[in-house]
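Novice: Protein sequence lines correspond, in order, to chains P and V.
The first sequence runs 1 to 95 under this note's numbering.
The second sequence runs 1 to 851 under this note's numbering.
FYI, nobody ran anything at the bench for these hints, they're computed from the structure.
Check each hint, because a few of them may be wrong.
Claimed, not checked - Derived pair list, reagent style EDC-like, types lysine to aspartate or glutamate, alpha-carbon separation capped at 20 Å:
#, chain 1, residue 1, chain 2, residue 2
1, V, K42, P, D20
2, P, K38, V, D11
3, V, K50, P, E71
4, V, K42, P, E25
5, P, K38, V, D52
6, V, K42, P, E19
7, P, K38, V, E55
8, P, K12, V, D16
Claimed, not checked - Beta-carbon label-pair distances, calculated as ranges:
#, chain 1, residue 1, chain 2, residue 2, range
9, V, F73, P, E15, 40 to 48 Å
10, V, W57, P, W75, 23 to 31 Å
11, V, W453, P, R59, 20 to 28 Å
12, V, E365, P, W75, 39 to 47 Å
13, V, R54, P, I14, 34 to 42 Å
14, P, L68, V, F73, 42 to 50 Å
15, P, S43, V, F73, 40 to 48 Å
16, P, L68, V, E365, 39 to 47 Å
17, V, P80, P, K74, 56 to 64 Å
18, P, E15, V, R54, 54 to 62 Å
Given the structure is predicted, the values throughout are model-derived calculations rather than measurements.
Don't be surprised by glycine CBs; every beta carbon is placed ideally from N, CA and C.
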Amino acid sequence: MFGPAHGHAIVKAIESNSEDVLQVEQGSLYPALHRLIKRGWISAEEGLSENNRQAKYYRLTARGRKQLQVETAKWEKLARAIACILKPAGEEARQ
Amino acid sequence: MRRRRPLDSLDDDIRDHIERETRDNIERGMPPEEARHAALRKFGNITRVKEDTREVWRRVWLEQLLQDMRYGFRMLRRNPGFAAVVILTLALGIGMNTAVFSVVNAVLLRPLTCPHPERLVWIGDYDPNIKRDAVELADFCYWREHARSYTGMAAYGPQQGAMVTAKDAEQVSGVAIAGDFWSLTGARPALGRLFGPREQDTVVIAWDLFEREFAADEHAIGESVAVDGRSVTITGVLPKNFRFQFPMWWQSVEPRPVEAYFPLPAKDIAMGRTGTAVASLKAGVRAARAMAELDMLEKRAQEGRSPHFRGPATGLRIEPLADQLTGAARPALLVLLAAGAFVLLIAVLNIANALLARATVRRREIAIRAAVGAGRTRVVRQLLVESVVLALIGGAAALALARSALAILIRLSPNAIPRLQETSIDGVVLAFTLAVSIGTGILFGSGPALALWRSNLYDALKDGARTSTGAAGIGLRGSLVAGELALAIVLLIGAGLMLKSFWRMHAHPPGFAPENILTMEIPLSGAQYLEKPAQEAYIRELLRRVEAAPGVEAAGVSTWFLFEGVPFPSDTSPNQQHVIRLNAVSPGYLKALGIRLLKGRWLGEMDSGGNAVLLNESMARQAFGAVDPISRQISTTGKAIVVDVVTNLKYSQLDADPPAEIYMPYRQAPFLPGASVAVRTAGDALAMAPAIRKLISGIDPTQPVFNVKSLEQALSDSIAPRRFNLFLLGTFGAAALMLALVGTYGVIAYSVAERTREIGVRMALGAQRHEVVRMVVRDGMAMALAGMAAGLACAWGLTHLIASLLYDVKANDPATFAAVAASLTAIAMLACWVPALQAARVDPMVALRYE
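So here's chain P without its partners, still in its complex pose (with noise of 0.2 Å):
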């Protein structure tokens, strides 16, 4: 998943791998790869699709693969504590 793709696959994977949860105007992806790639954390390369034509294709750099450790540790971190403070009051409700 995260080998080199470009933006349509993105939207693609980000739509399907979040059981169609995440329906994002697809437009707004750019601006964020963009911040990502200014950021040093993707990087863009020109290659050719697969009907033969110049494509953009972005990849994750090394420091961009250490910082997706960063913010996925921090999120789990996160999504855990809420779910312990939901679960609790979700057995109540339920009861």
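Given chain P, put chain V in place with the hints provided.
Specialist: Then chain V, alone, in the frame of chain P:
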């Protein structure tokens, strides 16, 4: 360039993305056309995506700012009339503030032009007899010798002198100095040298005097000139830019700038002369410590010496020199700053109103910009930038306006405020104007921006050409106008109170015509006038020549002294002593001024050998109470008999009650150190000034004739600071009135235009024209009166702040309040009436078809 590379293929990237999505959609079974639309819809606003992506890479803030400014300029060019009105209003509002701030900057903020101005202190001891600070110079010498807290101490006092040069005789305005005056003021000679502490009979002259009397000839240095009959050596010349601020009360003694610096004569110190003392504190020494030391030294000085000329200093105090010199001007300047802010606020409200009206017109344009992808913040910021651009242009125009206003102010009343002539537009003033301009722009721009923020832009598109803001918009603009009128009325009441003070000051008794009275002074100095017979002979000759001149109705001379230790017959306890103002006059002097006899008889020439005196009303009341003073005794220089009482007359200071005075024949005076001449002329006094001046100079060319003025000029000069304040506050009031009038008119006219349909309907249903007029005027006046009532309440609470600037008028003078309220009501009425008449001319048929 490298950083831009990711953007290069953005368009391709997006196109590629949409094609892929379209293909996916077709694969899912959509017809091609629909598939493409679905892909586009899902992608969102392409322009905005591109812009947002580009923004990631750019220094967006600056770039958008420049873009907004360019757009702002374009909008201004498209509406040149509107832009011109706004810029003019701003130039007026900001310009007034810039001008006042430049004065505040020069007078209150900028440090004095000396080395270590922050360490300079004033050493004062209030003398109730002369109503100002003075220290005895003998004390000063003792302090200077023993004090350890100071790097230096200087004393000085005004010292005029008749300087006779090869060119002519001139009464020079000078200062006698002692101690470390040169080092404290940081003076450096431009030519020659500055005299040392022990040198006497020398003079250092200012560059202007050097040019005027000595033609800037270097050979003058080291030469001797006669000053008051003594020969003094010119040791040096000060540079043109040398400035030291002397106390403001000097202006009343000698309004001309100081041009000669004499060493303080040693015998003056021994004789108990008083002067003004300044000192420079050592670094790190606090004023309190320096004060304690000074008190201790003064006590020791008293033990060593007795008896005293002036009695021990009792209220000795130290304060920063800058505060002492400019403190008196502070309240007036702060009032003017506030008044300037008021005018600017009114201007801001006016412009905000106009922009609000225009914002409704521009709603469609803005809605379209939002529809094609401009974010709401972006549009609001754009509006603010447009306003700030306007304000900056206005600020630039304001600078030009302030420059010329300052030039006029300084020319009109150079001596109204200390250091006024140092006023200039420097970096601080520029920064102030820039900040005020930007603040102003944001202030008047935020009104329309806020209105836009709250409004629903899609309605504007659906609404078509209809641009009504509805009742809410009119209500908002109405309250802005009410605010304007409230501010204006506060200003106008301030200006009105000052105008009334001015009028009270000029309330002269009937028959007093100061424009027909010429006054001048002659010092009677030099070896030939040391004895009284010579002085008397000169004055007799002067009176003979002047009285005989054509066009002269009456002429007289006077010279006055303060005389201490006089008991009054009305004193309740013995040993009471008073200081009196003793005025030695020739018989014609009182007649020339127009002072009238109340009871008794005029002093005549026959009284010259006797001991008859005259009292003015104040003196009669003080010395005798309710008792009729005629033929009673009063002690002056000797025992004297009161022969008459004359009216009080303000002939020297307009903003003070006339001093209590005793007049005596000049021949009874112990000596005549000079003469003030008063001449009543048949016509305009100034027209005769050159002839009379020449006549007097002809008696003895070594005696300079100076301060030649009509009494009208002299009186006017006596209230120069007040005139300055009145002039500025009056201008502010007039500007406020004009702006408020325009603002009121604008809002009413706009609301009438908006209500054309409604008015048409009313008229179609049978409303009469005068009813329409009444309706419009009633609505407008309701708003105006609400604002004015609020303003009157504010003024009632605020006017006590200017109480110190008023004369003989209470801060809550009901007559002024009523007069201002009535005239502003009339003016507001006019501003409502004109658009109301236009409303009445509406043709119902046209109005109903309208839009």
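Novice: All the hints need checking, so say for each whether the structure fits it.
Specialist: Evaluated hints:
1. V:K42 / P:D20: holds, 14 Å
2. P:K38 / V:D11: holds, 18 Å
3. V:K50 / P:E71: violated, 27 Å
4. V:K42 / P:E25: holds, 6 Å
5. P:K38 / V:D52: At roughly 14 Å apart (the allowed maximum being 20 Å), D52 (chain V) and K38 (chain P) satisfy the hint.
6. V:K42 / P:E19: Given pair K42 (chain V), E19 (chain P) holds - Cα atoms ~17 Å apart, limit 20 Å.
7. P:K38 / V:E55: OK: K38 (chain P) and E55 (chain V) at ~11 Å, within 20 Å.
8. P:K12 / V:D16: holds, 14 Å
9. V:F73 / P:E15: 40 to 48 Å: Since F73 (chain V) and E15 (chain P) have Cβ atoms about 46 Å apart, the given range 40 to 48 Å holds.
10. V:W57 / P:W75: 23 to 31 Å: Once the Cβ atoms are compared, 27 Å apart, the range 23 to 31 Å for W75 (chain P) and W57 (chain V) holds.
11. V:W453 / P:R59: 20 to 28 Å: Since W453 (chain V) and R59 (chain P) have Cβ atoms about 42 Å apart, the given range 20 to 28 Å is violated.
12. V:E365 / P:W75: 39 to 47 Å: holds, 44 Å
13. V:R54 / P:I14: 34 to 42 Å: violated, 23 Å
14. P:L68 / V:F73: 42 to 50 Å: Given a distance of about 47 Å, which is inside 42 to 50 Å, the answer is holds.
15. P:S43 / V:F73: 40 to 48 Å: holds, 41 Å
16. P:L68 / V:E365: 39 to 47 Å: holds, 45 Å
17. V:P80 / P:K74: 56 to 64 Å: Cβ of P80 (chain V) to Cβ of K74 (chain P): about 57 Å, so the range 56 to 64 Å holds.
18. P:E15 / V:R54: 54 to 62 Å: Since the Cβ atoms of E15 (chain P) and R54 (chain V) sit about 26 Å apart, the hinted range of 54 to 62 Å is violated.
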